[in-house]
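Participant: Residues per chain, in single letters:
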Amino acid sequence: MLNKLDRALVRELQEGLPLVKRPFLAIAQKLGMSEAEVLARVRKFIERGVIRRFGAAVRHQDLGYVANAMVVWRVPDERVPEVGRIMASFSEVTHCYERVRASGWPYNLYTVIHGRTEEQCREAAARIAEAAGVSDYLLLFSMAELKKNSMKYFVEG
Amino acid sequence: MLDELDRRLLNLVQTRLPVAPEPYRELAQELGVAEEEVIGRLRRLIEAKVIRRLGAIFDSRKVGYVGTLCAFKVPAERVAEVAAEVNRHPGVTHNYLRDHEYNMWFTILAGSEAGLNETLREIKERTGINECLVLPAANIFKIRVNFDLA
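Protein chains in written order, with this note's numbering: chain A, 1 to 157; chain B, 1 to 150.
It is worth saying that the hints were derived from the structure and are not from the lab. None of the values given here were measured: they were computed from a predicted structure. Ideal Cβ placement from N, Cα and C applies to all residues, glycine included. Each hint should be verified, as a subset may be incorrect.
Unchecked claim - A few chain A residues that face chain B, going by a derived Cβ cut-off under 7 Å, partial list only: (1) Leu13; (2) Leu19; (3) Arg22; (4) Arg52; (5) Arg53; (6) Ala56; (7) Ala57; (8) Ala88; (9) Phe90; (10) Trp105; (11) Tyr137; (12) Leu140; (13) Ser150.
Turn these sequences into a full structure, and let the hints guide you.
Facilitator: Structural data, given as structure tokens:
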């Protein structure tokens, strides 16, 4: 569980690292902490996986990856761990999740595939299907991005 | 639009920003340019929205949040109106229109299971959309959001 100071630090960090020479000092001054303490807490967040990545999130459309498909796969439950690992190993796959099946919806593995064209996505899905030995799948291409935001944590309540 | 130094800088900061007192100076040294150049370019890339977030990318589960993927079957003529209602909720972070009869795919995050259910209930009530898949994650095999710019 995150304590009160941790939550305050999350709240500051999610606004983006300040663009000043000593950004952690700037955050520390806001929170009444020392720069060393902020650095130590950030390192601890990274170690514990609370911070998944300390870097920049980039809009992939600007980098030429304009096509994206969510591919939903129907995989026998006992094969999910193995198939999940195989699918995750493909560089075209940016996300790979197992999800609970819904009624009337038998798909339980979900991968997001990015490509420069829809054809590239289709071709990647076919290679993945072959490698994983899974033939029951659907490609759901993105027609429009209706919203994409970073979550703001601990801002309400 | 992006020049070579932008690309080198983006490739570098996508994977790793130094957790050190002077992170921009360290990046500058690695790139062989001045610290002011790095700060100025990062500012420009953020303003141009090429960089969506600089610094900490959180794992929502480890922060203590719960979430799910949802899919709605929305009649074509109602997409804009339903999207406005769905997107109004701050816990909805991603929403994509996809080419399937389940055409609106969005994620919801909330501080508790109860909060998540409440958001979903409210969205369903206010849009009147009943054909809905709720697909919480059981296992995460991969999340990678950096792209090779080389």
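Participant: All the hints need checking, so say for each whether the structure fits it.
Facilitator: Evaluated hints:
Given the 7 Å rule on beta carbons, the hint for Leu13 (chain A) holds: about 4 Å separates it from the nearest Cβ of chain B. Annotation: Leu19 (chain A) was flagged as interfacial toward chain B, and the flag holds, the nearest CB pair being 5 Å apart, inside 7 Å. With a cut of 7 Å, the hint placing Arg22 (chain A) at the interface with chain B holds, because the nearest CB-to-CB distance is about 6 Å. Residue-level restraint check for Arg52 (chain A) holds (minimum Cβ-Cβ distance to chain B is 4 Å; threshold 7 Å).
Using the Cβ-Cβ criterion of 7 Å, the hint placing Arg53 (chain A) at the interface with chain B is satisfied: the shortest such distance is roughly 4 Å. Taken as an interface hint, Ala56 (chain A) checks out: its beta carbon lies about 4 Å from the nearest beta carbon of chain B, inside 7 Å. Because the closest C-beta pair between Ala57 (chain A) and chain B is about 4 Å apart, less than 7 Å, the hint holds. Satisfaction of the interface hint for Ala88 (chain A) is found here, the shortest Cβ-Cβ separation to chain B being roughly 4 Å, below the 7 Å cut-off.
Interface hint status for Phe90 (chain A): violated, as the beta-carbon distance to the closest one in chain B is roughly 9 Å, over 7 Å. Of the supplied interface hints, the one on Trp105 (chain A) holds, with its beta-carbon coming within about 5 Å of a beta-carbon of chain B, less than 7 Å. For Tyr137 (chain A), the suggested interface contact is broken, since its CB lies about 13 Å from the closest CB of chain B, more than 7 Å. Look at Leu140 (chain A): its Cβ gets to within about 4 Å of chain B, closer than 7 Å, so that hint holds up.
The interface hint given for Ser150 (chain A) is met, as the beta carbon of that residue sits about 5 Å from the closest beta carbon of chain B, less than 7 Å.
The structure is inconsistent with the numbered hints 9 and 11, although it conforms to all the rest.
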